[in-house]
Amino acid sequence: MEAEALRVLIVDDEEELVSAVEERLNLRGFQATGVTTGTEAMEYLADRPCDVVLLDVKMPGVGGLEVIKRIKEEHPGVEVILLTGHGSAQDADRGMQLGAFDYVMKPVKIDVLVRLLISAAERKAKGEA
Amino acid sequence: MTNDVSQGPTPEEGQDLLISQRRYRKMRIAAVLSVSVVAVVPLLIMTGVNAYQYQQALRTEVTSPLVRFAANGKQSLESFLSERLSALAMVVRERSYEELRDSRQLNRVLVNLRQAFGGFVDLGVIDEQGVQVSYAGPYELEGRSYSEYNWFHEVGMRGLYVSEVFMGYRNVPHFVIAIRQSTGAGSEFVLRATIDTDVINTLVGSLAVHRSGDAFIVNRENILQTASRLYGDVLERCPLPPFPFSTQAELIEVEDESGESLIASYAQIPRSPFTLVLLSPRGELHAGWLSLRQDVLIFLAISVLLILGVVIGGSTYVVNRAREADLKRAALYHKMEYTNKMAAIGRLGAGVAHEINNPLAIITEKAGLLQDLIMLSEEMPPKDKLMGLVNSVLKSADRCGGITHRLLGFAKHMEVQRETIDLDVLLQEVLGFLEKEAAYRNIQVDLDFPEEPPAVVSDRGQLQQVFLNIVNNAFAAVDDGGHIHIGIREVGSGAVTVTIADDGVGIPEDSLSRIFDPFFTTKKGAGTGLGLSITYGIVQKLGGQISVESKVGEGTCFTVTLPTGQAFP
Chain A
134 MEAEALRVLI VDDEEELVSA VEERLNLRGF QATGVTTGTE AMEYLADRPC
184 DVVLLDVKMP GVGGLEVIKR IKEEHPGVEV ILLTGHGSAQ DADRGMQLGA
234 FDYVMKPVKI DVLVRLLISA AERKAKGEA
Chain B
16 MTNDVSQGPT PEEGQDLLIS QRRYRKMRIA AVLSVSVVAV VPLLIMTGVN
66 AYQYQQALRT EVTSPLVRFA ANGKQSLESF LSERLSALAM VVRERSYEEL
116 RDSRQLNRVL VNLRQAFGGF VDLGVIDEQG VQVSYAGPYE LEGRSYSEYN
166 WFHEVGMRGL YVSEVFMGYR NVPHFVIAIR QSTGAGSEFV LRATIDTDVI
216 NTLVGSLAVH RSGDAFIVNR ENILQTASRL YGDVLERCPL PPFPFSTQAE
266 LIEVEDESGE SLIASYAQIP RSPFTLVLLS PRGELHAGWL SLRQDVLIFL
316 AISVLLILGV VIGGSTYVVN RAREADLKRA ALYHKMEYTN KMAAIGRLGA
366 GVAHEINNPL AIITEKAGLL QDLIMLSEEM PPKDKLMGLV NSVLKSADRC
416 GGITHRLLGF AKHMEVQRET IDLDVLLQEV LGFLEKEAAY RNIQVDLDFP
466 EEPPAVVSDR GQLQQVFLNI VNNAFAAVDD GGHIHIGIRE VGSGAVTVTI
516 ADDGVGIPED SLSRIFDPFF TTKKGAGTGL GLSITYGIVQ KLGGQISVES
566 KVGEGTCFTV TLPTGQAFP
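Just so you know, the sequences run in chain order A and B.
Just so we're aligned: the first sequence equals residues 134 to 262 in the numbering used here.
Just so we're aligned: the second sequence equals residues 16 to 584 in the numbering used here.
Treat the hints as calculated values from the structure; they're not laboratory data.
Any given hint could be a false lead.
[To be verified] No more than 16 Å apart at the CA atoms, straight line, and that leaves these computed lysine to aspartate or glutamate pairs for EDC-like:
#1 A:K242 <-> A:E261
#2 A:K202 <-> A:D235
#3 B:K451 <-> A:E147
#4 A:K257 <-> A:D235
#5 B:K410 <-> A:E148
#6 B:K410 <-> A:E207
#7 B:K451 <-> A:D235
#8 A:K242 <-> B:D387
#9 B:K400 <-> A:E156
[To be verified] Have a look at the derived ranges for each label pair, beta carbon to beta carbon:
#10 B:R421 <-> A:E173: 29 to 37 Å
#11 B:E466 <-> A:E173: 36 to 44 Å
#12 A:M238 <-> B:G447: 23 to 31 Å
#13 B:K556 <-> A:A179: 29 to 37 Å
The beta-carbon is built from N, C-alpha and C at its ideal position, and this holds for glycine as well.
I would like the entire structure built from these sequences, with the hints used as guidance.
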């Protein structure tokens with residue numbers, strides 16, 4: 134774990150949120166990168182390897198559910214954790230059906246997020262093995 | 016808010032009450048008047064008609080015996096007179112003048128007449144010169160001359176004579192009948208008989224109809240010929256006005272000198288100076304009627320009072336019930352309107368909560384990062400880094416504040432108040448709530464506002480509700496990526512239209528006419544069916560109009576027309 138930092142991609146339309154989470158994860162030894170649209174996320178994944186995607190469900194333009202669908206199609210190995218707001222339980226269920234590892238409601242406690250990221254990465258590792 | 020809900024909203028209640036009380040008072044007066052007229056007038060007419068008929072019947076009942084008795088009495092008196100005149104006529108035909116001049120023969124005739132007819136007191140034969148040549152009777156009247164007497168000349172003229180009643184020598188009332196006859200020797204004589212009035216008195220006395228009535232005979236000068244119960248004895252003057260000539264029994268109403276009103280039936284006896292008079296005091300006639308009239312009036316008064324009481328009570332009760340029902344309905348409507356608005360706000364609330372969540376998440380993360388930097392870094396992080404984070408937190412908090420402020424501003428306009436409203440600003444406020452949804456669902460909202468949109472004087476809270484309902488419906492109707500077009504246009508002077516058009520599913524034609532009906536909904540299970548009905552009610556109340564056009568698959572367009580000016584009801 135320590136030797137290989139987990140590669141995390143954060144996708145959310147709130148730039149401020151993305152930058153803060155990115156920095157906090159980096160401080161905890163992750164290798165985190167943030168983007169603010171679904172399109173950017175797909176472009177990023179096309180070029181660079183990634184372990185877990187932290188994905189906001191509600192985004193203007195290409196929405197979170199569309200992104201997870203494409204990730205699962207194009208990069209089936211990448212685990213996705215959904216970030217949802219209040220009143221979007223339906224979206225969360227839909228995301229789980231599409232293959233999300235789990236979902237958390239915003240705002241998220243960093244410790245919870247870290248534990249989830251590690252669990253997701255473990256499943257990914259198991260899957261690859 | 017919670018307080019408002021439990022008490023129920025009371026907008027306009029004061030105004031409603033004022034209008035209502037006047038309206039219901041009018042309603043009550045109209046009800047009382049119409050029902051009273053309908054109930055009382057026939058009663059009055061029926062009572063009047065009945066009373067009149069009864070009065071007529073009563074009158075007939077009193078007057079008809081009077082007339083009948085008069086006719087009968089006249090008949091009897093006429094017979095009485097003609098019998099005696101016929102008897103005299105027979106005597107002068109059967110007996111010669113010479114025979115009659117013989118007092119003994121005349122006495123026999125008198126005895127026969129008394130036996131056959133009665134009432135004869137004496138008989139006398141008077142020659143052409145007026146000298147009584149023979150006499151049979153209780154007095155010594157032979158040789159007496161009647162040449163100076165009126166009656167003697169009259170019998171000479173007419174051949175037949177019936178005198179008025181007089182006292183004469185005997186000082187008892189009697190009258191005279193006389194008949195003229197030729198002697199056979201070129202001259203004439205008169206047979207004269209004195210008739211006792213006892214028979215007539217008895218006859219007339221039996222004719223009085225009532226105990227308080229009277230029956231008597233007067234001559235042409237209104238001198239009593241028989242005793243009257245009311246006006247004195249024989250030969251006294253009867254104080255009644257003279258009776259017009261009639262041999263038929265007539266009925267008249269007269270007033271005597273004492274002012275008493277009487278009903279009189281009278282008839283002249285032919286070939287005599289006598290008029291038979293039957294009197295009945297009017298009071299007699301009226302006594303029955305008066306007591307009946309009193310009963311009728313009391314009955315009528317009680318009936319009318321009862322009817323009026325019931326009508327006033329009933330009308331008041333019904334109108335009060337109607338008013339209560341109206342007030343209840345109005346209160347219910349206000350409550351429904353309020354509930355609908357709260358439901359709309361509730362729907363918004365979900366969206367708002369999500370919106371607030373984003374800045375909240377930023378605050379959490381920025382603050383968390385700040386904590387991380389302090390806890391995890393060995394040296395103090397640079398000042399500008401810290402300031403950047405703190406500014407982010409403050410900015411996000413401001414964002415939250417803005418959102419809650421907007422929601423509160425929207426929810427608080429519950430009381431009706433007039434103010435000048437810029438429609439474009441109001442529509443922007445409404446759209447502010449749906450901004451995020453539009454963004455997430457890629458719904459394009461086009462605004463077509465004139466450079467200086469007309470301001471309207473209206474109620475802000477109500478207008479917000481109207482447009483929020485319609486725009487919410489438009490959002491529900493369109494698919495992701497759909498279009499909504501909102502336009503403001505001034506039409507003519509004093510009116511402005513707001514059109515909200517979408518390219519959504521559209522409304523089927525058969526539903527179109529019903530979409531403003533309460534409880535009609537096309538959102539199966541998701542809607543109350545109150546939104547548009549309440550929207551319709553509010554627009555009406557604000558003095559405006561709302562219309563809708565729609566085509567399935569092409570979209571729906573709502574047009575709200577509002578008065579701009581002071582034409583607020």
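Hint by hint, here is what the structure shows:
1. A:K242 <-> A:E261: violated (29 Å)
2. A:K202 <-> A:D235: holds (15 Å)
3. B:K451 <-> A:E147: holds (13 Å)
4. A:K257 <-> A:D235: holds (13 Å)
5. B:K410 <-> A:E148: The given pair, whose Cα atoms are some 13 Å apart, holds under the 16 Å limit.
6. B:K410 <-> A:E207: violated (38 Å)
7. B:K451 <-> A:D235: violated (25 Å)
8. A:K242 <-> B:D387: holds (12 Å)
9. B:K400 <-> A:E156: holds (12 Å)
10. B:R421 <-> A:E173: 29 to 37 Å: holds (31 Å)
11. B:E466 <-> A:E173: 36 to 44 Å: holds (38 Å)
12. A:M238 <-> B:G447: 23 to 31 Å: For B:G447 against A:M238, whose Cβ atoms are near 24 Å apart, the range 23 to 31 Å holds.
13. B:K556 <-> A:A179: 29 to 37 Å: Since B:K556 and A:A179 have Cβ atoms about 59 Å apart, the given range 29 to 37 Å is violated.
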